[in-house]
Amino acid sequence: MNARRLRIIAVTAISFVFLLAWAFPILWSVLNSLKADQDVLAYPPKLIFTPTLDAYRDVLFGSQSILPNLISSLVISVGTTVITMLMAVPAAYALARLRFRAKKFAGFYVLATQMLPPVGIIIPYFLVLRNIGWIDTYQGIILIYLSFSLPFAIWLLVSYFEDIPFEMEEAAYLDGASRLRTLWRIIIPQVRGGIAVTIVFVFLNAWNEFLFAVVLSGNTVRPVTVAMFNFVSVEQTLWAKLAAVSVLAMLPVVVLGIFAQKHIVKGLTLGAVKGGGRR
Amino acid sequence: MSRGQARFADIVKMHGDFAALRNVNFEIAPGEFFALLGPSGSGKSTTLRILAGLDAPTSGRVFIDDKDVTAVDARDRDIAMVFQSYALYPHMTVAENIAFPLEMADMPKAEIGPAVKEAARKVRIDHLLDRKPGQLSGGQQQRCALARAIVRKARLFLLDEPLSNLDAKLRLETRAELKKLQRSLGVTAVYVTHDQEEAMTLADRMAVFMAGEIQQVGTPAEVFARPNSIDIAAFIGSPPMNLVPARYANGSVTIAGHQLKTTSSITGEHDVVVGIRPGTLRIAADGLKARVDLIEDLGDTAILDLDCAGTTIRMRVNENIPREGEEIAITARPNDIHLFDPTTRKRL
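Here the protein sequences come in this chain order: A and B. When we follow our numbering, the leftmost residue of the first sequence carries the number 1, and every step to the right adds one. When we follow our numbering, the leftmost residue of the second sequence carries the number 1001, and every step to the right adds one.
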């Protein structure tokens, strides 16, 4: 009895440490975004303070409003996600299904592009975009993001497509459906969980990307990750504003996550094919 | 000419160097229940897939209603199929599953509803139309797959081992229903099975596959009565035919020193394989001596394992069942003795 109790306490304590490590950055951001500047820097940290929305007001409607940057981020992320999915879904389906000579190589190549350290290609990317005049443009940044998100999305989606038994498609062909209609009516509804997961990841990566954005963007197109950096300068760091922007920047992703969760229902194909097909 | 005729002409299917099908020729008549029977790997499923258009033959031609469809897409062949796994669409309800082929054929919405209900009623799942496949039992899923196949009046109705995922009792029930359904619809059915009993009871005619070749085409009664080869003789019947090496001379065969008359008129002396069905053996005082090794009592009938000078022969008896260890003597009528060539394995 005593040993069991001890174990419960130990497990709870360890869990609490992990929970704290996970929750701390979010808590810290939310708390600091509600503080006045002098409260942020107070030492020891003030746990009890008068909350204020000053930081939010400043970053949204002040002279350094991040609204245009949020819009930039949104255009870039939505653009990247939409184009990625439009191309990745048929590509992943092809990789999962069709038999062609270079299939193995194609699959490996898709994965190999993910192994490249981004820093190694940032300068070439910059030079290429400058030569075609696409620095500081939406199409420039989206193009570069696509080069990462597309292989990743294809790689992630292929496994979902592979889980669908061949016979399901053959049944659809015999029922008179074309290949495209089969994909749309029979296959995609069954991989919608995987598609939802992929959308969240692709959007998240594009939304939070900083390294390429800081190099390839400019005054016209400046995503929120780069704009946030303006609150950090040599003289001072505007912690409250930085925290407020962080919280604001988190919101679209959280909303997307909640929305996607509805569609991420596991075991959708369970019971359709007896014996579970080729799982 | 009525719809639903199919013909295979010199179909060959190679997988690399391996011949999955060699020179397959057969014809299916409209309205026929035609079984493709054979052990696993004999090529029967490949044949069905080629007929459906899911696989292409390496050479040869496929005709449906006298039209060469070898190069025609599966979806343009007007064929309905029930898969072994049923292949129901898991995200759709039973009604949506059954309606899918009609939708693809651009049938007006107003006509789809009644057609779906009618098909579901025929297989008695009209009370399950709003369920998803995952909420159905195995038997119900099987019926849903059947309904999806019969909802549109396809030229051919293909079934790939449709009963193999059902338990024994349900399999027998469904078998009878399937036959009735096919009769009432008047459709041509092509049925793949490895279960000779299924083929015997369901089929009007059947093609027996062995190692990528059709060895015999005929009615179940014909195939049972006159198997073409040793392999078919060993495959059909439960228990299958006894196959015993023997010496043939001028109309008689000698097994374990005992002579049995045959109907054969072949002259000279030959080594043969003698085939005798367990049910046609009879006890006779002047017959071949045998000792009863084992009795499998099935209630109304019993299968005896007999030892005839080292050769095991199985015999079916309905009455006067001997005891184990007893010495008996058996014989068979000349009509019931089949002769096969041991080298070509063909019927003599």
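In case anyone wonders, no lab produced these hints; they're calculated from the structure. Heads up, a few of these hints could be off.
[Stated by the list, open to error] Here are the simulated distance ranges between beta carbons: (1) B:ASP1073 / A:GLN114: 56 to 64 Å; (2) B:HIS1127 / A:LEU111: 22 to 30 Å; (3) B:ASP1073 / A:ILE123: 35 to 43 Å; (4) A:ALA23 / B:HIS1015: 28 to 36 Å; (5) A:TYR109 / B:ALA1168: 46 to 54 Å; (6) B:SER1059 / A:TYR109: 32 to 40 Å; (7) A:TYR109 / B:HIS1015: 55 to 63 Å; (8) B:ASP1068 / A:ALA94: 51 to 59 Å; (9) B:SER1059 / A:LEU74: 57 to 65 Å; (10) A:ALA94 / B:LYS1109: 45 to 53 Å; (11) B:LEU1170 / A:LEU116: 27 to 35 Å; (12) A:ILE121 / B:ASP1073: 51 to 59 Å; (13) B:SER1059 / A:LEU111: 49 to 57 Å.
[Said to hold, decoys possible] Straight line, CA to CA, 35 Å or less: simulated DSBU-like cross-link-like pairs of lysine-lysine: (14) B:LYS1153 / A:LYS262; (15) B:LYS1117 / A:LYS262; (16) B:LYS1132 / B:LYS1067; (17) B:LYS1179 / A:LYS262.
Model, not experiment: these values are computed from the prediction. C-beta atoms are modelled at their ideal positions from N, C-alpha and C, and glycine is treated no differently.
Index of numbered hints that the structure contradicts, given in increasing order | 1, 2, 3, 4, 7, 8, 10, 11, 12, 13, 14, 16, 17
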